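Participant: Chains A and B are the protein sequences, given in the same order. Position one of the first sequence corresponds to residue 75 (the numbering used here), numbered consecutively onward. Position one of the second sequence corresponds to residue 9 (the numbering used here), numbered consecutively onward.
Among the hints, erroneous ones may be present.
To be verified - Listed below are several chain B residues computed to face chain A (Cβ distance under 7 Å; list not exhaustive):
(1) LYS129
(2) ALA132
(3) GLU175
(4) THR179
(5) ASN180
(6) CYS184
(7) GLY218
(8) PRO223
(9) VAL224
(10) GLN228
(11) VAL229
(12) LEU245
(13) GLY287
(14) VAL288
(15) LYS289
What the hints assert, rightly or not - With a cut-off of at most 30 Å between alpha-carbon atoms, the simulated DSS-like pairs for lysine-lysine come out as follows:
(16) LYS119(A) - LYS270(A)
(17) LYS286(B) - LYS327(A)
(18) LYS129(B) - LYS249(B)
(19) LYS385(A) - LYS129(B)
(20) LYS327(A) - LYS270(A)
(21) LYS164(B) - LYS249(B)
(22) LYS385(A) - LYS316(A)
(23) LYS164(B) - LYS198(B)
(24) LYS119(A) - LYS198(B)
(25) LYS289(B) - LYS189(A)
(26) LYS231(A) - LYS219(A)
(27) LYS129(B) - LYS209(B)
(28) LYS189(A) - LYS164(B)
(29) LYS209(B) - LYS284(A)
(30) LYS270(A) - LYS231(A)
(31) LYS209(B) - LYS289(B)
(32) LYS119(A) - LYS164(B)
(33) LYS289(B) - LYS119(A)
(34) LYS327(A) - LYS249(B)
(35) LYS189(A) - LYS286(B)
Calculated directly from the structure, the hints in this document are not laboratory data. Please read these numbers as outputs of a predicted model, since none were measured by experiment. No residue lacks a Cβ here, since even glycine has one placed at the ideal position from N, Cα and C.
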Amino acid sequence: MSHDMEKATASEKEHPPGPVQVVADPIQDPGLEPHEYRITDIDPKAADRVERQVSAMFTLAGLLALGSCVAYFAIPRHSVLEFGPLAGNANNMVIGLCIGLALFLIGAAAIQWAKKLMVDEEIVEYRHAAHSSPEQIADITDAFKQGVAESGFTRRKLIRRGLLTGLGLLGLPAIVLLRDLGPLPGRSLYNTIWAKGVRVVNDVTDRPIKPSDMIVGQLVNAAPANLAPMQEESAVEYQNAKAKAAVIVVRIKPSEIRTKPGRENWGVDGILCYSKICTHVGCPISLYEQTTHHVLCPCHQSTFDLADGAKVVFGPAARPLPQLPLAVDSEGYLVAQSGFTEPVGPSFWERG
Amino acid sequence: MSEKRLSLSPARFLSARRRHRSAGLVVLLFGLLAVGSAYAAFAPDNAVADNSAQSQQIEEGKKLFSVGCASCHGLSAEGGGNGEGKMAGPSLIGVGAAAVDFQVGTGRMPAMQPGAQIPRKTPAYTQAEIEALAAYVASLAPGPAVPAQDSYDISKATDEQVTRGGELFRTNCTACHNFAGRGGALPNGKYAPSLMNVDPKHIYEAMLTGPQQMPVFSDQVMQPQDKRDIIAYLHALQQQKDPGGFGLGRLGPVSEGLWGWLVGIGLLVGVAVWIGAKGVKAKGAKAE
Numbered sequence: 075m076s077h078d079m080e081k082a083t084a085s086e087k088e089h090p091p092g093p094v095q096v097v098a099d100p101i102q103d104p105g106l107e108p109h110e111y112r113i114t115d116i117d118p119k120a121a122d123r124v125e126r127q128v129s130a131m132f133t134l135a136g137l138l139a140l141g142s143c144v145a146y147f148a149i150p151r152h153s154v155l156e157f158g159p160l161a162g163n164a165n166n167m168v169i170g171l172c173i174g175l176a177l178f179l180i181g182a183a184a185i186q187w188a189k190k191l192m193v194d195e196e197i198v199e200y201r202h203a204a205h206s207s208p209e210q211i212a213d214i215t216d217a218f219k220q221g222v223a224e225s226g227f228t229r230r231k232l233i234r235r236g237l238l239t240g241l242g243l244l245g246l247p248a249i250v251l252l253r254d255l256g257p258l259p260g261r262s263l264y265n266t267i268w269a270k271g272v273r274v275v276n277d278v279t280d281r282p283i284k285p286s287d288m289i290v291g292q293l294v295n296a297a298p299a300n301l302a303p304m305q306e307e308s309a310v311e312y313q314n315a316k317a318k319a320a321v322i323v324v325r326i327k328p329s330e331i332r333t334k335p336g337r338e339n340w341g342v343d344g345i346l347c348y349s350k351i352c353t354h355v356g357c358p359i360s361l362y363e364q365t366t367h368h369v370l371c372p373c374h375q376s377t378f379d380l381a382d383g384a385k386v387v388f389g390p391a392a393r394p395l396p397q398l399p400l401a402v403d404s405e406g407y408l409v410a411q412s413g414f415t416e417p418v419g420p421s422f423w424e425r426g
Numbered sequence: 009m010s011e012k013r014l015s016l017s018p019a020r021f022l023s024a025r026r027r028h029r030s031a032g033l034v035v036l037l038f039g040l041l042a043v044g045s046a047y048a049a050f051a052p053d054n055a056v057a058d059n060s061a062q063s064q065q066i067e068e069g070k071k072l073f074s075v076g077c078a079s080c081h082g083l084s085a086e087g088g089g090n091g092e093g094k095m096a097g098p099s100l101i102g103v104g105a106a107a108v109d110f111q112v113g114t115g116r117m118p119a120m121q122p123g124a125q126i127p128r129k130t131p132a133y134t135q136a137e138i139e140a141l142a143a144y145v146a147s148l149a150p151g152p153a154v155p156a157q158d159s160y161d162i163s164k165a166t167d168e169q170v171t172r173g174g175e176l177f178r179t180n181c182t183a184c185h186n187f188a189g190r191g192g193a194l195p196n197g198k199y200a201p202s203l204m205n206v207d208p209k210h211i212y213e214a215m216l217t218g219p220q221q222m223p224v225f226s227d228q229v230m231q232p233q234d235k236r237d238i239i240a241y242l243h244a245l246q247q248q249k250d251p252g253g254f255g256l257g258r259l260g261p262v263s264e265g266l267w268g269w270l271v272g273i274g275l276l277v278g279v280a281v282w283i284g285a286k287g288v289k290a291k292g293a294k295a296e
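Chain B extracted, bound-state conformation:
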């Protein structure tokens, strides 16, 4: 700083003269304090709140898990044995939140009893509890997350997308789930369930995670758009009326054959009996 410039401005001259030797340091400290407390007032508070809400949810999920799930899946979800060296429930480490949301959200878990296949039933947990369980299982190891709502939103599906979904469905799904998505039998008492009246989110999660014996259709191979098209096709199938008035469960030859043999041939037999039956006779009477 030049003395000449200072002399030109009385105000600057005055302030320069009054400045204490440690004034700069004080200002620096004051500034740091202000910024620090401002930061403490906003950002750290939010982070703490977020973390605590998430860890609270995980904590809650862990509690629910140890009550409802640990007897089969092990206290740390490592998979359990039934005491005879046989697996009672598989390890849930790395299955992800999507698997939990599907299994618990469709009521399959908690299972009533081990068997060939765990059936769908009314969910035992509320949505909040399911989310807590999912958060806990997801915290164990990375796995597929619950899909975002717009990835299975089919309200804007075009006819073209529905048609494409049908092509994908017939190539990848009909082998087990029947041409109309009504499900079908598998070996040893297992079955592929009906896909009618299933929440689109759960259909998406089933493809994503491959529950029970179903194979996985990962998002990299069966991309979210493909999955959405399939869901749109299933929705269109469900909305479709049966041209004959009665779809007989859309099971194909089995129910159609049963109907044909029992009802159709039954009616024919009834008519044949009527044709062959003797009418009422007037005993002992004579024609006039």
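The following block holds chain A by itself, in its conformation from the complex:
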């Protein structure tokens, strides 16, 4: 190597930098290596042995395929196969193993056949040029020009305009059909079904919550009381409403809360309620650590400090979780003072 490099620098000295000299065929074509025979090419016994192997694999694959059919009927549907710590449905497992092994054996037999028995003489096949010959190009050009002249496309302007109008307007339906992506959400992104006086109830059990039920460190995954009745009317509307209105209610020591100006009466004795929908891309969050008051979104690790107005302390979320102002109704249950004062969930175009 170093010897070659010395040579190269020596030649550079002889030929100072200038136009590159093209050396014809700088690396000699070594041609094909001499063909080497395989043991199966020269020893008929070895070839027979491989033949038996290949046919055995094909036959075994067939038997396994049959076996899977037998297993389908023979093994009870719910029987369990236990193998040390592993356990699974015996019926599924045996059918799967049989079909899987059969497919593998067919592939392996084919490869073994090709590698050991099929002719493996190397041959050279040169590529032809990719472009057409000049004669072909001239022929096609002439034919095209003749076609244009004979069709009268350049001469009969009326037809030409008609054709272009028809083709052009065909693009229109494709644009008009895009309307079905709508309708536009309107104000629905700004509103949830929370409203003044709506009770805060447990998600799943729908029980209303009294402030005295909650102790410091508590987390409640909650929903508005007017959500559950929607389920009977329309499953779609119910899911849409739930996706926006889900909240988490926590109780934090009042001395540890840093209340934002204007939100002094939004909590009840340290009970705070925030939207459960992450402001990044809208995953529901309830991974709450009572020691740090942090709630973490499992999707992209956005972290919000619920004791500090749900301020973003980590991650890609751009704005705090919206807070729902709480109050207590005449029967002593937690209710919303109003709906959310800002849109819940991820940012959108009009909101900025």
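With chain A held as given, fit chain B onto it using these hints.
Facilitator: Just chain B, lined up with the frame of chain A:
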């Protein structure tokens, strides 16, 4: 009393005549004495025995506490400092017997060393000692008591209750503990532990008291029946076989991806190498 009636009955007449002036007083005193000594013989004795057994347990718990717990939690469980103004152990006043039973019963307390999270390990105390410690801490201030056995008894759970437990579990627990209760990572080296092979009592107590960073799910909001359903669901999850035979820890995409990339693609690479490999050649030989 009329003389006429007395004269009608000789016996009453006799007894009335013999009665001493202070006889009534003597009878009264005698009666009081009898009732008093009977009361002293039964009720007060039991009360004294109860009180002394409980105070003995608290006393024993206090002794255990001052040996095993006070270095971090303070001599009166008021919470301790490590000398640099930092909290070494939180105050245990008002945490209740349930918190002690959970922390000591799962071996988390006494902690070996402070860290991001105190791990579960073999308990260092016997059940009697745990009860004594719990009695001592419970005597400091009211707090959640150790739940009664029937509140976490899942032997009679119906399929419907298990299903409801699953709904509650998915809403309240999966965020941290994974969809199959296998636990998961939390920020700064903390983690939510696996819920497999945990005593139902300890699962109940964890929900009740909110150990470490776990939030509290009080009995008023997450009622005992809800908690029991969740425990029944976890039990059913643990009993469930993996349909594929191998659950890969039921951790979802992480272990499944690792398996797919290493084992699955590894096997494919192995087969590709075999397909491309040159077989044994007979050097210099010629075909016949």
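Participant: Run the structure past the numbered hints and jot down the numbers of the failing ones, going up.
Facilitator: Hints 1, 2, 12, 16, 17, 19, 23, 24, 28, 30, 31, 32 and 34 not satisfied by this model.
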